[in-house]
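*Asks:* Here's the letter readout for the chains.
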Amino acid sequence: MPGLHRKRPGMNAPLIQARGLSVGYDHAPPVLRDVTLALRAGEIVTIIGPNGSGKSTLVRALLGMIRPSAGQVTRKPGLRVGYVPQKLHLDGNLPLPVSRFLRLNQRLSDRQVQHLLTRTGVPALARHDLATLSGGQVQRVLLARALANAPDLLVLDEPTQGLDQPGTAAFYRLIEAVRAETGCAVLSVSHDLHVVMSASDRVICLNGHICCEGTPSVVSNAPEYRALFGLGTGGALALYQHHHDHDHGHDHGHDRGHDHGHDHGHAHAHDQGPKAAEGCAHDA
Amino acid sequence: MMPDPFILRAVIAGLLVALAAGPLGCFVVWRRMAYFGDATSHAAILGVALALAFDLSILAGTLVTALGMALILAGLAGRGWAMDTLLGVLAHSALALGLVAVSFVPGVRVDLSLYLFGDILTVTAADLWVMAGGTGVILALLTWRWQALLTSSISEDLAQSMGLDPARERLVLTLALSVIVVVGLKVVGALLIAAMLIIPAATARIYARSPEGMAWLAGIVAALAVLGGVFGSLTWDSPTGPSIVSAVAAFFAGSLAGRAVLRRVMPSEPVR
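From first to last, the protein sequence lines are chains A and B. Letter 156 of the first sequence, counting from 1, is numbered 156 in the working numbering, and no numbers are missing. For any residue, its number in the working numbering is found by taking its place in the second sequence, counting from 1, and adding 284.
Just so you know, the hints here were simulated from the structure itself, not pulled from any lab data. Using N, Cα and C, we set each Cβ at its ideal position, and we do this for glycine too. It is possible that part of the hints are untrue.
Partner residues are not named here, just some residues of chain B that face chain A (Cβ under 8 Å, in silico) [what the hints assert, rightly or not]:
1) Ser341
2) Ile438
3) Arg493
So these bits of chain B aren't anywhere near chain A, every CB distance computed over 10 Å [claimed, not checked]:
4) Leu343
5) Ala358
6) Thr427
7) Leu434
8) Met446
9) Ser494
10) Met498
11) Gly512
12) Asp521
13) Ala533
14) Arg547
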């Protein structure tokens, strides 16, 4: 339903914009080539693609963690980003209470720590050691840390790796609730099709370059997407579609307190439907 | 009763090593760099040989080879070789090459065991100043870069997203590890420096609940082991360096046993 979004001038300076972005390492074919995209305030954008398609690389380039070999990335001045990394490889060698972890690069009072952990659904964990938590608890702690500086943009790099399906669904519901509350934009990376699709305003399908992008329903019907993810996802997509119609049929009008203002407030670059590129499945 | 000056110097030298090795060793344990410490310190023997051959100070020779080894390792890491294989090759090659090279140095009969196992009772006042300088450099680096080092030890991704450069923090640690080799050479020797990095930190881990707590505790454990080792060495006339390492090993074993008892007595108490 991209046509339903009205463009409203004035608030559309993108948070992050990439033009002709390529990333490569010497003597190897580029990981990313000629990626152009813009992220606007309040959007939930999901990047999907198979393993090795450059999803994480794209996120890192957008955040300035790696330098592009060509093209440019512009970030809105003063942009506050909350970053949730893929996974934490902590073993028991490093004793790290959750509260200490939250204070790694910022001063937080005990009350702020408690507030953040309560917000992400793990209020009792402040004094626990990070290495002893379950995967889902760790993700919530990572999210709490990312939220501490009231970010304009939340970036999640495959945040639900290793979570089971209910855990994944619960985590994405939390993200949606946080977005609804704070109005921050969300950029997430995933290959978990069901949940991703239902939580996103816009999906970017990546395989070294942008294959297609648009609203979830537009992308899931795009031939490029089908080519990339093959026939095996047919059933899963159908299942998802059902969910999507049920939950989001009225432009996020379910009862969780989404603010409708921003749902209409941002222009979508894909109003004309998916941007078709060359066949993705046969790409190097 | 005033102890002999050479014993006093030995104790001070040992404490200087402990002060630096304790906190630095925590990073070695957190970042799984145990073999890295071995390779760097084994390279010091090659440095001793070079210093004797070219009539340089032992200090300069060991610092340069340890640093060279550390930089080679840092450069080679992540280029297709498994890290433990690479370290195994380089550590033992440097040690063997150093031993061979020393045997070729003309005119000098070198007591190599001094450098392999240290001889804390030969520490001079001048040595102490150098060691104090080295310990000062290490502690200053660790204090200055603490948050950044800790963050990039937890997650390099996270560190990068905060605008830190994990490669720079690795370099800081590399530098500190080279300096500790020089500081520890006369005290515990090239073969056992890595033990002073790893065992105090591993012992501290049993009790510590925070990274800072672990660093302090590792320093304290190392210092107590130095006192115990020097005392034991004087009492039983055993080699001092190995005695210090034996003392810290005893701390570790005792702490493990203590924890096991604690768990039996208070099963509900989460010890870790």
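*Asks:* For each hint, tell me whether it holds in the structure or not.
*Replies:* The hints, checked one at a time:
1. Hint status for Ser341 (chain B) relative to chain A: violated, with the closest Cβ pair at about 37 Å, above 8 Å.
2. Hint on Ile438 (chain B) holds. Least Cβ distance to chain A is approximately 7 Å, under the 8 Å limit.
3. Using the Cβ-Cβ criterion of 8 Å, the hint placing Arg493 (chain B) at the interface with chain A is satisfied: the shortest such distance is roughly 5 Å.
4. Every CB of chain A is more than 10 Å from the CB of Leu343 (chain B) (nearest about 32 Å), matching its label as outside the interface.
5. Under the 10 Å C-beta cut-off, the non-interface status given to Ala358 (chain B) relative to chain A holds; the minimum distance is some 18 Å.
6. Chain A leaves Thr427 (chain B) outside its interface by the beta-carbon criterion, the shortest separation being 16 Å against a cut-off of 10 Å.
7. Distance check on Leu434 (chain B): its Cβ comes as close as 7 Å (rounded) to a Cβ of chain A, failing to clear the 10 Å threshold; non-interface status is violated.
8. At roughly 5 Å, the least C-beta separation between Met446 (chain B) and chain A is not larger than 10 Å, which violates its mark as non-interface.
9. With a least beta-carbon separation of about 6 Å from chain A, Ser494 (chain B) fails to lie farther than 10 Å from that chain, contradicting its non-interface assignment.
10. Separation of Met498 (chain B) from chain A is inadequate, the least Cβ-Cβ distance of about 6 Å not exceeding the 10 Å criterion.
11. Once the 10 Å rule is applied to beta carbons, Gly512 (chain B) is consistent with being away from chain A; the minimum gap is 25 Å.
12. Residue placement check: Asp521 (chain B) keeps its beta carbon more than 10 Å from all beta carbons of chain A (closest about 37 Å).
13. Consistency note on Ala533 (chain B): stated as away from chain A, and its beta-carbon is indeed over 10 Å from all of that chain's, at 18 Å minimum.
14. Every C-beta of chain A lies more than 10 Å from that of Arg547 (chain B), the closest at about 15 Å, which supports listing it as non-interface.
Going through the hint list in order, the structure does not satisfy hints 1, 7, 8, 9, 10.
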